[in-house]
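Taken in sequence, the protein lines are chains U and B. Heads up: the first sequence begins at 1 in the numbering used here, then just goes up one per residue. Heads up: the second sequence begins at 1 in the numbering used here, then just goes up one per residue.
Read the hints as simulated data drawn from the structure, not as lab findings. Among the clues, some could well be false.
[What the hints assert, rightly or not] One-sided and incomplete, this derived list gives chain U residues near chain B with beta-carbon spacing under 10 Å:
#	residue
1	LEU5
2	GLY15
3	ILE36
4	MET185
5	THR189
6	ARG203
7	ASP225
8	THR275
9	CYS279
10	GLY282
11	LEU284
12	THR289
13	TYR305
14	THR389
[What the hints assert, rightly or not] Pulled from the structure, derived: some chain U residues nowhere near chain B, Cβ distances all over 12 Å:
#	residue
15	LEU88
16	PRO240
17	LEU288
[Said to hold, decoys possible] So the derived list for chain U, only partly shown, Cβ under 7 Å to chain B, looks like this:
#	residue
18	LEU14
19	ASN19
20	ARG23
21	PRO31
22	LEU34
23	THR41
24	GLU206
25	SER295
26	LYS296
27	PHE298
28	GLU390
C-beta atoms are modelled at their ideal positions from N, C-alpha and C, and glycine is treated no differently.
2 protein chains.
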Amino acid sequence: MNLELITTGTELLLGSVLNTHVRFLAEQLFPLGLRIDRQTTVPDGPAIGTLLRESFPRCDILIVTGGLGPTTDDVTRDEVAALLELPLVHDESVMEAIRARFARRNLTMSPRVALQALRPNEARVLPNSHGTAPGLYLAPRIVPSMGRLSPHLFLLPGPPRELKPMVVECVLPILREILPPQPDMEIRTYRVCGLGESMVEERLGEPLLSLGLEVGYCARPGEVDLRLIGSTAQLAAAEPLVVEAVGAFLYSKDGNSLEETVVHTFSQRGLSLATAESCTGGTLANRLTNVPGSSKPFLCGFVTYSNAAKIRDLEVPEPLLQEHGAVSQHVVESMALGALRRSGADYAVATTGIAGPGGGTDQKPVGLVYIGVASRDGKVLSQRHLIPTERETFKGLVAQAAFRLLLDRLRESFPENPPSPCVG
Amino acid sequence: MNLELITTGTELLLGSVLNTHVRFLAEQLFPLGLRIDRQTTVPDGPAIGTLLRESFPRCDILIVTGGLGPTTDDVTRDEVAALLELPLVHDESVMEAIRARFARRNLTMSPRVALQALRPNEARVLPNSHGTAPGLYLAPRIVPSMGRLSPHLFLLPGPPRELKPMVVECVLPILREILPPQPDMEIRTYRVCGLGESMVEERLGEPLLSLGLEVGYCARPGEVDLRLIGSTAQLAAAEPLVVEAVGAFLYSKDGNSLEETVVHTFSQRGLSLATAESCTGGTLANRLTNVPGSSKPFLCGFVTYSNAAKIRDLEVPEPLLQEHGAVSQHVVESMALGALRRSGADYAVATTGIAGPGGGTDQKPVGLVYIGVASRDGKVLSQRHLIPTERETFKGLVAQAAFRLLLDRLRESFPENPPSPCVG
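Kindly generate the complete structure, drawing on both the sequences and the hints.
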């Protein structure tokens, strides 16, 4: 089945908004055995009609997002009706839902809103639980001007909070009806940190390909994703090979992020955690608390940007700061120990460094960073890294390194269960 | 000038990677008067050739990202050479740069690496300062099979850290040579918070259009961007209209984020700030510290997820927690005051709420949140919001509300200079 995705919106092509639909839809479609063969973005307006005419002959399934609203540049509905030579009809059930929505919110309805109750005759309405414009599904039918069948056509709203529930509740069930039974295929993503893409391929590429798996690599800042696609049996056969070849660098078996792995590992072991952040400025705490259930292991975080805060909140001795400077091994270890004492947590992780763009010197350049982990047994580990890059990337990479040091420390304490960090 | 962008990569269509090239290139091209008229993503492999053949007759400028690497599915270079009927030649200067790069890193070169030193004859090499594969530029020439001129063709590497400097250093200068002199056009983005998209349009749409400006709206969680495109004179004429109509809801005049506005406003006034976060878990601190220069106004942050941490680090009285619960107006005000006392800052902002998915009750449902701001004059402001949504969106929206309360509080203290928050 050839599937194309058309995302419409001038704001996408002006760079005001990041296109997140491609990723979301790809993830939803993959388990049905579907991949997006081509994705195209065009501005609002007549370009949509041109593109529909090009795409129709190429594909079996066509998903179009955006252009269903009430404003003059929302033309998807009209272009599709014209192309399929179907009249637009007023759908009273849609109008009723729109009226109810406005009434619930005590808003007055502008006349243009009623345009959203129009649908090409024969279109099935996909209710919108988070907005006014419903989605529409059109089954294949002969397009007179083309003398061929149209694709299965889904017209979906542009805003992500309207699109996402509609895909899950309406689009996927229709696709399951349409599709022939699928072979038993799965996707598995291993997250490898601390080993380059070519090294991962060198260690694993040939053995995995010889199992008949589709193998993909994706290098991202601080990590490499190893993506395997195959049958359940093939994936089961691959697992020991992966653990054998890159086990020491493996932090997740299901594409889980490092922070998810940290939260799950700490929760499973009944351990607690505190953070003490200077240069990461809350990134560690923010990422950890993005994970549902993080309130159990994560007790508290200190963002101690100033020296005064390091002294007051983390009990870093002032002479230590004077002698070694805030960005030093001594201070990061003292920060971790201070956070541990203050919080009563089992483990504490600390960061101090120079994010830039200002603040660097010859001895301590922009990008210099120390990370440290302290634990209740009094042990302290620390590392020095040099990561000269722009500010947000720097914070992200330091967070990756800090979570890794924390997980490595945990593996050291619980060697009886080596694959423990791979809880994904 | 018709401009198209082709982004290649199987990982983009599988959803493993978010396509950030469109936004980056759009932002870079706009000041030259260029817009992306169409953007298409196809998988690695032969689909690139098919798409090139379609795009060539349509556009004056074609930018292609990805497919220049050393692996077998990197076919962009070959497809372009075939289409233009140009032989591939070995470029010794490129080979030399690649060898030097490997030598600097003490890495051994696999034979496939040398493929990246091939270029279609007549192609200009765009050096890659962050990777091995150089970019390539091909000026228009007759394509024999099409009997027409090819577009200005830019082939660029896929990884963002290689692409971005190459665009700035090599692509933009070539485009400036190619392009006819541009009319004096500018883009201005106003950020409006606390007013819906339709309300902004109702107040401003007609007057702005009557000035001959191109007006765009973009609703995002917690804010609306108002985008005006026009001449410097038109934008100057629009400014008082915007301030008049939505001034009270205006937080930036140059598309600056709320956190940038907070950091700039505090810096300009020589004020200092501390954060006390429960439900946002470090989001406020993390966003503030993403802004270069934030170390001046931002003293420290407390992430007090547990009650024990609220008592110990923010001096919230235990009876207050017992009587009103952690998610309450009393506690958020006590947290803000505690952070203020502990940090010695001029202002402190605090959050407490129920992010979910667990933890809600009938009285205190998921999404309930209190935010508070305390200042050195002893004043405390607080607000209650109900934001039932998924965890990360919740944290983001609470951060928006908290930064707004902080900026509103500041406007109240410095009324002599009303447009102060619009420092953008």
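### Message
Just to be careful: measuring from the Cβ of U/LEU34 to every Cβ in chain B, is the smallest value less than 7 Å?
### Response
Because about 11 Å separates U/LEU34 from the closest Cβ in chain B, which is outside the 7 Å limit, the hint is violated.
### Query
Against chain B, with CB atoms and a cut of 7 Å, does the hint on U/ASN19 hold up?
Status holds, d = 6 Å.
### Task
Return the status of the interface hint for U/GLY282: holds when the least beta-carbon distance to chain B is below 10 Å, violated otherwise.
Where the cut-off is 10 Å and the nearest Cβ of chain B is about 3 Å from U/GLY282, the hint holds.
### Task
Under 7 Å, Cβ to Cβ, is where U/GLU206 needs to be relative to chain B, so tell me if that hint holds or is violated.
14 Å, violated
### Query
Checking the smallest CB distance to chain B, is U/PRO240 really beyond 12 Å?
At about 24 Å from chain B, U/PRO240 clears the 12 Å cut-off, so the statement holds.
### Message
According to the definition I'm using, a residue is off the interface if its beta carbon is farther than 12 Å from all beta carbons of the partner; does U/LEU288 meet that for chain B?
### Response
It is violated; U/LEU288 is separated from chain B by about 7 Å at its closest Cβ, not greater than 12 Å.
### Task
Answer holds if the nearest beta-carbon of chain B is closer than 10 Å to that of U/LEU284; otherwise answer violated.
Since the shortest Cβ distance to chain B is 7 Å, the answer is holds.
### Query
How about U/ARG203: closest beta carbon in chain B under 10 Å, or not?
This hint is violated: U/ARG203 lies away from chain B, its Cβ roughly 14 Å from the closest one there, beyond 10 Å.
### Message
Can you verify the interface hint for U/ASP225: is its Cβ closer than 10 Å to any Cβ in chain B?
### Response
This interface hint holds because 6 Å falls under the 10 Å limit.
### U/GLU390 as an interface hint toward chain B, with CB separation required under 7 Å
9 Å, violated
### Query
Hey, does the U/ARG23 contact hint survive, CB to chain B under 7 Å?
Holds - the Cβ of U/ARG23 comes within 7 Å of chain B, reaching about 4 Å at its closest.
### Task
Let me know if the C-beta of U/LEU14 comes in closer than 7 Å to any C-beta of chain B, holds or violated.
5 Å, holds
When held up to the earlier numbered hints, the structure conflicts with 4, 6, 17, 21, 22, 24, 26, 28 and fits the remainder.
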